[in-house]
Amino acid sequence: MCGIVGYIGESKPISFLVETLERLEYRGYDSCGVAYRPKNSLRIILKKRRGKIEGLKKELLSHQFDIGIAHTRWATHGIPNRINAHPHFDCQRHIFVVHNGIVENYKELKKFLLKRGHKFRSQTDTEIIPHLWEEYIKRRKNPLEALFEVVNLLEGSFAIVALVSSLDKIFVVRKDSPLSLGVLKEGFLVASDIPAISFSTKRVVNLADRQVGVISKSSWEVYDFHRRRRYPKVGKVEISSQEVEKGKFAHFMLKEIFEQPQILKSLYSLYTNREEVKFKELNLSKKYLRTLQRIFIFACGTAFHAGFVGKYLLEKYARVSVEIDVSSEARYRSLPIRKEDLVIAISQSGETADTLASVREAKSRGAKLLGICNVLGSTLTREVDTFIPTFAGPEIGVASTKAYTAQVFVLFLFTIYLAKAKGFLTSLQEREILKELRDVSRYQEKILKELDSLRRIAKKFSKFGCFLFLGRGINYPSALEGALKLKEISYIPAEGYPAGEMKHGPIALIDEYRAVVCIAPQDSLYEKMVSNICEIKARKGKILAILTRGDKEIVSLVEEKVFVPKLNNQDLSPLLVAIPLQSFAYFVAKNLGCEIDQPRNLAKSVTVE
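As numbered in this note's numbering, residues 139 to 747 make up the sequence shown, in order.
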């Protein structure tokens, strides 16, 4: 959940290192630091501070440097302050380390090192790494051999970038935490993910799990943890700089909200021929799909809500039993997964630690594994049997928007594909669904053109200190997602609930000081939502309703409402109501002056358990 960077090569301004780090700031931003060697110097300069990278930039001299490492932190061990910020170093200030992940056995290792006379300055787990390396260099002399000893002692997940002051080399380690190497014209750039590298080069090496790299100015070598030489291939990334810049938008989140129609258009063109769904690379045979009876879905956060929508779709159209669980719980449950079952793992980054752990557990049971992921080459795409890319492009805003609708869209396409394979959907029915699915992006564009009323409503509702989001059926997950978006970026307590459960507790919260967002499209449960809204109104709750355009009944019951276009197939409605829910959260947070793209205590990619 931290961002780490390393560079070695021909001399560059120190701003190069810091600007690369800034592109990883969405991974953590409570403290930061750099360690680098100025050109024509043997001394390593270390600068650390609490807070965002912008503050660090002001402290740095306009040095040229040829080797350096940097870190932006999301705190796990030790409070956010200068001492706990990375890089950390050994007793002699000879070894400097930045680290993403958690060393689970750091207390045991720290006791060992204290007995050996090592002095520690911070409260972090990371600081034991340079000290342990120092200890083994004393024994083994060779820094690389000593590093092999160290990484095999560490338990947990980690990506490490390190430098030794006397060497013209950077050392990198990957275990269950992402790390990529960019090949530049005159040097090498290492970072936690590819978008940070793509500004400098399109040639990238994705280090595999349990690998160690040694990088000099002109070459690189990779080994596994057993000291065997490995030869990973250099690949090419297709990310453009425009994809990771805000452009005309005030925030990445707003930009990503507006990108959704085009993403769905692209997915429709990629995965259908307008007549039927085509997954050319999907490695699941029609024979297997015909006999499939049970699916497990594992995901976290927003991806879990997308998977929840998928559960409704798969059960209705493909008539399979679907169990969905948050990955952090699923991995510790005694789930009855069998080899004939299908496990669908959903992750925007493909690096979500709990989801990966759940996938590995399912793999040990022999189940088939399908990944739905936005990042090609990520760990998830390598762990599963087959995967469907969502191709939403880099998502920089911490609060997920476009990745969510892309996941829901892909799940709908997979549902159609499975239902057809099982004989529950005719070709004519498939064409009818695809026709309306094609129009979803156009409907989203209409909603985005009519956000002015939502801006006004958000300003009015910003004064409320508690929100309840209600939905029924396939829009119960929409209520969960709407509540999550609001609490993530505005810090206002918000709870998503099935509207039918309102009388079993949440109704006790409702009075004139509580706001309720009701998702009430004209579907088979519409009349039930009418009753819920009347119950809220009777208790003076302040209602914002998301309605189908042309609504005749609820529109007269509520003071504030926003509309989405009318659909023949209401199972598509989560793809429409997502836009006003995301936009409402954005406008409320903006009115309150919150950090929208980098909300407090959150990080984009949760790579620790």
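Everything labelled a hint here was simulated from the structure, so no lab data went into it.
Being a predicted model, the structure only gives us computed values, none of them experimental.
Quick reminder that beta carbons are idealized off the backbone N, C-alpha and C, glycines included.
Warning: the hint list may mix true and false statements.
[Said to hold, decoys possible] Here are the simulated BS3-like pairs of lysine-lysine, each with C-alpha atoms no more than 30 Å apart in a straight line:
| # | residue 1 | residue 2 |
| --- | --- | --- |
| 1 | 728 | 195 |
| 2 | 573 | 601 |
| 3 | 279 | 245 |
| 4 | 454 | 560 |
| 5 | 403 | 177 |
| 6 | 560 | 403 |
| 7 | 597 | 641 |
| 8 | 558 | 371 |
| 9 | 449 | 666 |
| 10 | 245 | 190 |
| 11 | 424 | 340 |
| 12 | 690 | 601 |
| 13 | 371 | 185 |
| 14 | 177 | 195 |
| 15 | 477 | 424 |
| 16 | 418 | 587 |
| 17 | 625 | 384 |
| 18 | 641 | 601 |
| 19 | 449 | 601 |
| 20 | 190 | 307 |
| 21 | 393 | 177 |
| 22 | 425 | 477 |
| 23 | 177 | 150 |
| 24 | 371 | 307 |
| 25 | 371 | 386 |
| 26 | 425 | 340 |
| 27 | 666 | 454 |
| 28 | 425 | 573 |
| 29 | 454 | 403 |
| 30 | 449 | 641 |
| 31 | 416 | 625 |
| 32 | 558 | 625 |
| 33 | 699 | 573 |
| 34 | 416 | 150 |
[What the hints assert, rightly or not] Listed next, with one range per pair, are the computed distances between beta-carbon atoms:
| # | residue 1 | residue 2 | range |
| --- | --- | --- | --- |
| 35 | 280 | 385 | 44 to 54 Å |
| 36 | 376 | 356 | 23 to 33 Å |
| 37 | 386 | 459 | 38 to 48 Å |
| 38 | 322 | 280 | 43 to 53 Å |
| 39 | 282 | 246 | 17 to 27 Å |
Do the hints match the structure? See the list:
| no. | hint | verdict |
| --- | --- | --- |
| 1 | 728 <-> 195 | holds, 26 Å |
| 2 | 573 <-> 601 | violated, 42 Å |
| 3 | 279 <-> 245 | holds, 25 Å |
| 4 | 454 <-> 560 | holds, 13 Å |
| 5 | 403 <-> 177 | violated, 49 Å |
| 6 | 560 <-> 403 | holds, 27 Å |
| 7 | 597 <-> 641 | holds, 29 Å |
| 8 | 558 <-> 371 | violated, 38 Å |
| 9 | 449 <-> 666 | holds, 22 Å |
| 10 | 245 <-> 190 | holds, 29 Å |
| 11 | 424 <-> 340 | violated, 37 Å |
| 12 | 690 <-> 601 | holds, 29 Å |
| 13 | 371 <-> 185 | violated, 35 Å |
| 14 | 177 <-> 195 | holds, 19 Å |
| 15 | 477 <-> 424 | holds, 17 Å |
| 16 | 418 <-> 587 | violated, 35 Å |
| 17 | 625 <-> 384 | holds, 23 Å |
| 18 | 641 <-> 601 | holds, 25 Å |
| 19 | 449 <-> 601 | violated, 35 Å |
| 20 | 190 <-> 307 | holds, 28 Å |
| 21 | 393 <-> 177 | violated, 39 Å |
| 22 | 425 <-> 477 | holds, 15 Å |
| 23 | 177 <-> 150 | holds, 9 Å |
| 24 | 371 <-> 307 | holds, 21 Å |
| 25 | 371 <-> 386 | violated, 37 Å |
| 26 | 425 <-> 340 | violated, 40 Å |
| 27 | 666 <-> 454 | holds, 20 Å |
| 28 | 425 <-> 573 | holds, 27 Å |
| 29 | 454 <-> 403 | holds, 25 Å |
| 30 | 449 <-> 641 | holds, 25 Å |
| 31 | 416 <-> 625 | violated, 38 Å |
| 32 | 558 <-> 625 | violated, 39 Å |
| 33 | 699 <-> 573 | holds, 28 Å |
| 34 | 416 <-> 150 | violated, 47 Å |
| 35 | 280 <-> 385: 44 to 54 Å | holds, 49 Å |
| 36 | 376 <-> 356: 23 to 33 Å | holds, 27 Å |
| 37 | 386 <-> 459: 38 to 48 Å | holds, 47 Å |
| 38 | 322 <-> 280: 43 to 53 Å | violated, 27 Å |
| 39 | 282 <-> 246: 17 to 27 Å | holds, 24 Å |
The structure does not agree with the numbered hints 2, 5, 8, 11, 13, 16, 19, 21, 25, 26, 31, 32, 34, 38 stated previously, though it agrees with the rest.
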